[in-house]
Amino acid sequence: MKRPSTSSRDNTSRISRRAMVLGGIQGLVIGTLAWRMRDLQVNQSSEYRLLSDENRIRDRLLLPERGLIFDRNGQPLAENLPNYRIVMIREQAGDVRTVLAQLARIIELPVERREDIIRSMRRFGPSKKVPIIEHLSWEDFARVSANAPALPGIITEVGLNRYYPMQEDYSHVIGYVGPVSEADLNRFEDPDQIILSPGFQIGKTGLERHKGALLRGVAGIQRVEVNAVGRVMRELGRNDSLKGTDLQLTLDHDLQHYAQYRLAGESAAAVVMDVNSGDVRAMASTPGFDPNQFIYGITTKYWNSLIENEYRPLADKTISGAYPPGSTVKMITALAALEEGVVDPNEEIMCRGYVEVGNRRFHCWKRGGHGRMNLTDGLKNSCDVYYYEICQRIGIEKMALMARRFGFGAKPPLPLPSLTSGLAPNKQWKFDRYNEEWRIGDTLNAAIGQGFVLASPMQLAVMTARLASGRAVQPRIIQRINGVAEPLARAPSMQLSDKNLDLVKLGMFRVSNENRGTAYKSRINEPSLAMAGKTGTAQVKGISAEERAADLDSDEVPWKYRDHALFVGFAPYDNPRFAISVVIEHGISGSGAAAPVARDIMLRALYGTQPPISAYPRNLWPQMREQQANEPPPNQNIQPATPGSDRA
Amino acid sequence: MSFLDPTLNQTPRGWRKVFYINWPLVLLIIAVACFGFLMLYSVAGGDISRWAQPQITRFSVGMVIMFMVAFTPISFWRQVSLLAYFGGLVLLLIVLFFGSVGMGAQRWIDLKFIQLQPSELMKIALVMALALYYDWLPPEKVSHFGFVLIPLAMISLPAMMVVVQPDLGTAILLVASGGVVMFLAGVSYWYFIAAISAVVGAVTAVFMSRGASWQLLNNYQYKRIDVFLDPSLDPLGDGYHITQSKIALGSGGLSGRGFMQGPQSQLSFLPEKQTDFIFTTLAEEFGYIGSTFLLILYTLIMIFAISAAMKNKSRFGALLIGGIAATFFFYFALNMAMVMGLAPVVGVPLPLVSYGGSAMLVLLGGFGLIQSAHVHRPK
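Those sequence lines, one after another, are chains A and B.
Using numbering that gives the first Met the number 0, the first residue of the first sequence is number 0, and each one after it goes up by one.
Using numbering that gives the first Met the number 0, the first residue of the second sequence is number 0, and each one after it goes up by one.
No lab work stands behind these hints, which were simulated from the structure alone.
Heads up, a few of these hints could be off.
[What the hints assert, rightly or not] Away from chain B, derived, C-beta distances all over 10 angstroms, residues of chain A:
{"#": "1", "residue": "14"}
{"#": "2", "residue": "18"}
{"#": "3", "residue": "46"}
{"#": "4", "residue": "184"}
{"#": "5", "residue": "321"}
{"#": "6", "residue": "485"}
{"#": "7", "residue": "494"}
{"#": "8", "residue": "496"}
{"#": "9", "residue": "505"}
{"#": "10", "residue": "560"}
[Unchecked claim] Rough simulated footprint, nothing fancy, chain A against chain B, three-plus residues with beta-carbon under 8 angstroms:
{"#": "11", "segment": "171 to 181"}
{"#": "12", "segment": "281 to 289"}
{"#": "13", "segment": "312 to 323"}
Beta carbons are placed, not taken as given, at the ideal position from N, Cα and C, and that holds for glycine.
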C-alpha cells in the first residue's frame, strides 16, 4: 500500500462537518447525563438520603434446623427445643461492661460470668450477634425483653437447641453437640459459613460429629431492609435454609434402654446385632453420661466427676474398648483346626489340668483337669488344654487368618469416632512391634484369647453373628437417611464348610444347654428360643505362682486386677436372629457375671418386651420375678427441667 | 517505507515531537486517572495495596506505551491496521475455543504475565481498519451500497464473535464506534436513519410479540427487560444493583458524604464496586459537584479529541482520532447511564477509573494513536 493518504480540502471539511454533528450528538448525551445526575443528586437527594440512612439492606444468615435422630421405631433420640437466649451486638452496645452491669441488675449474672462473656466476645466482629446467655428461664427472658430499650446492643431471641430426651442411653452412639472450639475449626479446611456463625453448635462426638455434615443442613440467606437501629423494616427476599438430614438408627430404643439399665453399676458393654442384616439393635456402654449437660455448658464439677471416674464414662466401650477376648475366641481356634483338617471332631484329648510345652507349664482353668475331651466337649467345658493341644497343630499364622476373617484386627465400618481395630497377632506383627521372635507360648495364649489378642465388644458381636449366619455380615447403625432406606446387600458367605460351622455351633449349644456347660445356669428355658453361647474370663494380669498358691478369693483382689467377664451368644439356636456380646470389665467370671446379663438382654431382644417368667429356668423364677418387678418403666421422652439460673 | 513519504517531511522528527504532543489531552487523562486512584483507595476502605497500587502501576505502564505509540509515525500504524484487524479476529477465534472462563464468560487468553482480552484490542483494531478502508475508498463512493456492505461486514464479524462470549457490552461498543467511523467518513444520513428505524422497529416487534404466538425472546429475557424498566421487581438480582447504585448516587447530594464516608460504598451494598460501579462511590462521596467535575473532564477530553480530528488533514488520521474518541465516549456514557438507571446493566467499565488492566492499557494505546496522528499530521 504505497498510496499516499487522501487529503483534500473538500474531504477535510466534510469530516469536520460530520465531526461537528457527532460532537453535537455527544454533547446532547452528556447533557442528558448531567441532567439525570442533577435530578438524582440534587432534586431527589433528600429521598435517597433517607433511603440510604434508614433503609439499609442487610443479609442475614438463616441457620438451618439440625437433623433429628430416631430409633428404628421412630422414637426421637435427638431433637431440637426452643432456647431462650440473649445476644449482643458489640458496636451497638457502646461500653460492653456497663451494659452487662445493667443486665446483672435484672437477672443473675455474677462478675466472673460477665468477664467470661467479654472474653468470648472478642472472637467475633463488632457487628456480629454474639449469644451471651443461653437457656434462660421464661421469666428471665420476659424480664430482659421488657427492659430491652434500656439495654443498648442487647437482643432477646428464641433459637433452637439440641436436646437428648433419652439422656444417658445414647451418650456414646449419638454423642452431643457443643459450642465450636478452635480445635473444631482446625478440623475443617474451609469451614462452612454455618460453622462460623455465632451460636452454632457443632457435633463433638459420636454420630453428631461423624454425620455432622449431613445433620447440620444448609444455611439460607434472608435479605432485609433494616432501619438505623437494626429493626427489620421488610424482607426483600430469602433463600430458605435447608433443614439437616434426619437419621433413623437401627437401634431399638426399648432394647438399648434395657441394656443400659441391665449393665448399670458396672463398667461394661453389650452389643446386640441382627445376624443376617448386621443391624445393630443395641450398643450399650456403662456408665454413660447425660449429653444434655454438655449443651447447657458443662459444670466443672460434672466434668471432673466424669474424668475422674475409674469406670471411664466418656469412653464408648462397645467400639473403643479393646479387651482380651478370653475363651470367647475358642470357636475361632476350633474352626481354624477343623478347616485345616488337623483335628477330627471325635478325637479325644486328655486334660490333666495342665500341659508342659518347652519348659513351661500351661494350666487349664480347671486345676483338676477335665479328663477326655472331644471338640464340642472342649467348647462346652471351655477346656484350655484341648486348645493348647490343637493350636500347636494349626500354627499362629492360620489362627490369625481365621480371626481376621471374623473381623479381628480391622475397624468395623461404623460412622463413629475412636474405633479400635483390636488385634489378631502373628509372627510378623510381634517382630515389628517388639522386635522379638514368636514363641510357642504366644500361640498357646492366643488360642484361649489371652496374651496379645484383643477385640472390642462390637467385634465379638460381629464374630458371633458370622458364626451364626455363616455370612460375613458387617455392622451398621444407620437404617434410613431422611426417610430413605440405606441399601442393604445380603452379606457374602464366609466360605466355611457347613459341617464345621455346625459342629462349632453345637459346641456353643452345649455350653448353654447341657448340664455342667459353663453357661447352663444362664440358659433360655424356651426350646424354640434356645441360646447358644460361650463364656470367657480374661485375665487382666498374669497370675504369679505365689498368687496361684495363695489362691486368693477374687473378692479380695482390688477391682482393677480382677478378671474381665465375657459372654458371646446367638439365639434362637435353630434359626438364629440375634447375636450378642457382653463384656463386664473386672466382672470376675464370664459364666457368673456376663452370661446372666446376656441372657436377660437376649430375651428382651427376642420378645421385644418383658419376657414371660417361663423363659427362665424354674429355679430362677423367684429371683427373676423380683428382678422384673423392680425394673423401672421405659425411659420415654423426658422433657427437660426448666433451666434455671443455677447453671454456672 | 512510508517514513520517507514526502508529506511527512514537514512533520517533527526525533525528540522535538514532544512539543507537538497534544498536552492538554495528556493532562486531562492523568487528572481522570488520579480521580480513579482516589476512588480505588476509598472503596478498599483505605487500603492502598488492594486496588489503587496495582492500578497506578498499570497506568504508568500504559502511559509509557502511549508515548511510545505516539512517537511512532502514523504511517507505520496505517500500515499495520489490516494486520491488527485480522490478528484481532484470530485472537477472538482462539479465545472462543481455548479461552479461560471468567465471570461466566469466555473472554481471556491467559498469557501468564497478563490476561489478554482480545475483544479490547479489537475495539482499536476495528477503528484502525475502518479508517484505512475509508482512506483507501474515494470519498464520492462511500455511500454506494456495495461499499457500505464491506464496512458493515467488518464490524459485524468481530461483534458477533464477542456476543457469543457472551459480552454484550463490548459488542455494542464495537458496533457503535464502527458506526461512528462510517458516519465521520460521510456515509449518507439515510443509511443511519434506516439503521436506527430498523433497531426501533425490532425493539417494538420484540415488545409486541410478547405473549403472542410469535414471541421473539424467551420469557426470562423479557423478565430482564421488565427489571430494567422497574428495578423494584427484582430487588435481589440486577434490580438490586440498580436500586443500590441509585441510592448511593442520590444520597450523595450536592457535596457528597465526604471522602471514604459513603455508607453505601463502605458497607458493601454495592456490587462490583471497584469495577463497573465505581462511579456510584465517587458520586456518593463527592456528590453532584464531584460527579459533574468528572463529567466535565470527560467532556474536555472529547472536545480536545474532536478538535484534533477536525484539524487533521489526513483522512486516515482524522477518522482514526474520531473513531477512538467515540469509543472512549461510549465507554463513559454507557457506564454512567447504566449506574444512573438510564441503560441496562451491560458491564462496561468507567474508562481510566474502573479497576482493570486490559481496558486501561488498550485505551491508553488508543490515545497514543490519537497523539501519533496528531504529532505526525500533514501540515
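Each hint, compared with the structure:
1. Residue placement check: residue 14/A does not keep its beta carbon more than 10 angstroms from all beta carbons of chain B (closest about 5 angstroms).
2. Distance to chain B contradicts residue 18/A as a non-interface residue, since its nearest Cβ pair spans about 5 angstroms, not more than 10 angstroms.
3. At roughly 7 angstroms from the closest C-beta of chain B, the C-beta of residue 46/A falls inside 10 angstroms, breaking its exclusion from the interface.
4. With 10 angstroms as the threshold on Cβ separation, the claim that residue 184/A sits away from chain B holds: the shortest Cβ distance comes to roughly 24 angstroms.
5. No beta-carbon of chain B is positioned within 10 angstroms of the beta-carbon of residue 321/A; the least distance is around 53 angstroms.
6. For residue 485/A, the condition that its CB be more than 10 angstroms from all CB atoms of chain B holds, with the nearest at approximately 38 angstroms.
7. Residue 494/A, annotated as away from the interface, keeps every beta carbon of chain B farther than 10 angstroms; the closest lies near 53 angstroms.
8. Distance check on residue 496/A: its Cβ is at least 62 angstroms (rounded) from any Cβ of chain B, clearing the 10 angstroms threshold; non-interface status holds.
9. Residue placement check: residue 505/A keeps its beta carbon more than 10 angstroms from all beta carbons of chain B (closest about 70 angstroms).
10. With 10 angstroms as the threshold on Cβ separation, the claim that residue 560/A sits away from chain B holds: the shortest Cβ distance comes to roughly 67 angstroms.
11. Under a criterion of three residues with beta carbons nearer than 8 angstroms to beta carbons of chain A, the stated coverage of the segment 171 to 181 of chain B fails, only 1 such residues being counted.
12. Residues of the segment 281 to 289 of chain B lying with their CB closer than 8 angstroms to a CB of chain A number 3, which satisfies the three-residue condition for coverage.
13. Coverage of the segment 312 to 323 of chain B by chain A holds in this model, with 8 residues showing a Cβ closer than 8 angstroms to a Cβ of that chain against a need of three.
Checked against the numbered hints given earlier, this structure breaks hints 1, 2, 3, 11; the rest are met.
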